[in-house]
Amino acid sequence: MCENEDDIITVGKYVIIKKQNFKKIYKVATNGILTLGRDTVQMHEIIGKTFWTTFEMIPVKKGKRTYFLKEVLETESLNDLLSELPSGNDNRTIVDDGTSQKLSKEEILRLQESGKTGKEIVGSLIENNKSFLDRTEYSQEKYLKKKEQKYLRYITIWKPNISLLHDVYFQLDHNKIGNLRMDSLSQLLSYSDVQSDGLYILYDSGSHGMPAAAMLNRIGANTEGHLINLHPGNVPQLALVNAMNFPREQLDRLINVNIYSFLRLYYQGESAVLDKISKKVHNNCINKIKENESKNDDESLVNNEISQIEETDMKEGNLNNINESNDKVEHSTNGSLKRKRDESDTHEAVKVTVVKKPKWLMETQYAVELVKGSKARGLVIVAKEHPLNIVTALLPFLGFSRPFAIYHAHREPLQETYMMLKQKQNVINLRLLSNFLRSYQVLPDRTHPDILTSDTGGYLLSGYLVQ
Amino acid sequence: MSFNKVKEFIEEGDVIILYLGHNNMHSLEIKAKIPNKNGEMVDNVFQTKYGALKVFSLVGHKYGTKKKLSRGWAYVLQPTPELWTLTVPHRTQIIYSPDISLILHLMDLVPGSIVIETGTGSGSLSHALIRVIRPHGHLFTFDFHEQRVNIAQAEFEKHGLSKFVSSSCKDVCIEGFGKELETKADAIFLDLPHPWLAIDYAVSTLKKSGGKLCSFSPCIEQVQRTCAKLISKGFIELNTYECLQREVHVQYKNLPILNLECLQYENVDKDMAQESENEKQEVKLLTAMHARSLPGHTGFITIATLPPFHVRKMEINLKSKD
Ligand SMILES: C[S@@+](CC[C@H](N)C(=O)[O-])C[C@H]1O[C@@H](n2cnc3c(N)ncnc32)[C@H](O)[C@@H]1O
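In order, the protein sequence lines correspond to chains A and B. So for the first sequence, my numbering puts the first residue at 1; every next one is plus one. So for the second sequence, my numbering puts the first residue at 1; every next one is plus one.
Covered by chain A, according to a simulated footprint, are these stretches of chain B (three or more residues, beta-carbon under 8 Å):
no., segment
1, 58-66
2, 104-117
3, 244-252
Honestly, the hints are just simulated from the structure, not real lab data. Virtual Cβ for every residue (Gly too), placed ideally from N, Cα, C.
Same shape as in the complex, but just chain A (with noise of 0.2 Å):
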């Protein structure tokens, strides 16, 4: 069996539930509970055991739809029920008149509720279908598939991974990661050419953290890789990067910053992003928008700050953990950076005496360090805004010969890029792409491109920076 470490399910560990097809993402717990549909699951029975366990749900009193877990080490089936009947016809005697089934909605209730297995209740709902035997062998399997979804009551724990967590968003709500079908994930990183080493510059403005988790995983545990996931927002979106239980040290090379902090600093300097947030703070937040700079910009951004210092005042502890865990990779990858970010501590230790350096300006520091020390390898973006400023901003910190990839679920803005960055004469291989992905359905004699496909594949924009 597994004796590794990272096979055991741990409070705190991200987990996902498979329950028949469905799928959902669990944070482990000391007293979880979770729901599926309707019921509700207590939780806690899965703690210390390995992944790919499987568990029946069993209801805590008969008649309540709340249940704890047991570990099984065999699931019935509904395949054999169909055995012990005699096979399926064809269907030419059926009439849909929608009282094939004797059961009434109560009765089958009941029964449900008596406490009687998923399989037995099966068993009456078939005995008591007046077409079931008309149907064929075909339909009758297909009838078991949807009951077991239905009134089997097993999950099994799976461990995260990127095409796991992707299905899952990408299945219950695809907007949340902002349409990102596979295929245009998957070309993403291929078209950044991210790896295990180099920089990597990702703007992302929400999409759960998925693109972010998945160039993260490219990158890969100790390895010397770094990522700036640049964001618009207050916080980075980071729900999915949570997700996949990255150990701290990969985590660390996750440098997660506000884009405008990002851009102020690196071409102003920290006074700048300082004066402006204790002018802002001093206002009280009420601002009167100088004409030189878009309105969305400064507002949001100031929030940003804003919120952002809040946030570090009340995480005070987290902050001194945080600050060790960086050092430490800096030791590993660049000794003298290290020295530098100490004496600059120093120095801005004295100037600013008001305002403690918090969190975010330490992450932005670092970030603007790295492209300082570094051209990036590879630019992924992923905007639900106009990509084009965007992209223009980043541009200037790839290097020459390295690839970018936008990502944007409209081909319109992709177009208007195109045709700006073709007449800018400094990127080649400019392609504009949209793919077409459909499932299949392969059975002995019954193979055929799945029913329904998603046609939201979304567009993108790839190409190489030259000089």
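Since the structure of chain A is already known, use the hints to place chain B with the ligand on it.
Okay, now just chain B with the ligand, sitting in the frame of chain A:
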């Protein structure tokens, strides 16, 4: 040595991509002399439509910059697996980047993964596999065609990748992947005419803790036989996909505007229709168009999961009970 780290300047021995245009790219090795047809060493000169390029003169040239040719210029790029796939000398059919990307995603590869590939073919997929599993992982790639194995191996060496890959000549459908690799692999990829013949070996080669098997086949009959075999061997979560990439061509177009409204009214002076003929109105529009033809089919990608050993046994027990 140009795949394993980012370089600023071209050195002797590098493999570079000469970019002359969208569909006009070539990979060149930076050497002073190359053998000609008769095996004599001659100056390494590459002919392009913009004039001849003395390849060795690129030494010291900066990657990502222009190189002047007699009738134009070219860009010199450092290769990526994607550029390599577009320029690799074909010894076989190859897999292209859209399918490669999906394959890497579905196999859940990360730095450190141990992955097996067969057949090596032209090594198009191999380069992308090595990129993902570097630096701690390893690719074991097999082909039963000796010359292809040797050429691929020579390319891995030239590209500075030999540390991360072992290639061997073997008929995997008869000999399997070898004793040394038993219970070692995180993922196995098959691009074979008879993938189902390799699946028995795949089961014993994947790790005890389970793993992924991915198969690429152009024909649906191959997919059906492969899936049947996979299910009988305890693989679960089978999915088959097809992915086609379409390129969109972006262009400004001038669209004439017809003035038809004037025709509803009687015209006193002259024929308005005639007039609009003379001074045509136009609107400039940014347009997008799909290519006239595209590869309408490449192959079906099948992915399957082999559960950990202890769970696998449980399912086999259930089977035998039936
Ligand atoms: C289509 S090519 C693979 C192309 C490769 N995926 C690429 O992207 O370059 C298939 C290869 O499988 C090899 N092959 C076929 N049957 C084999 C077998 N039984 N054992 C090992 N190699 C085999 C062939 O020699 C051929 O080179």
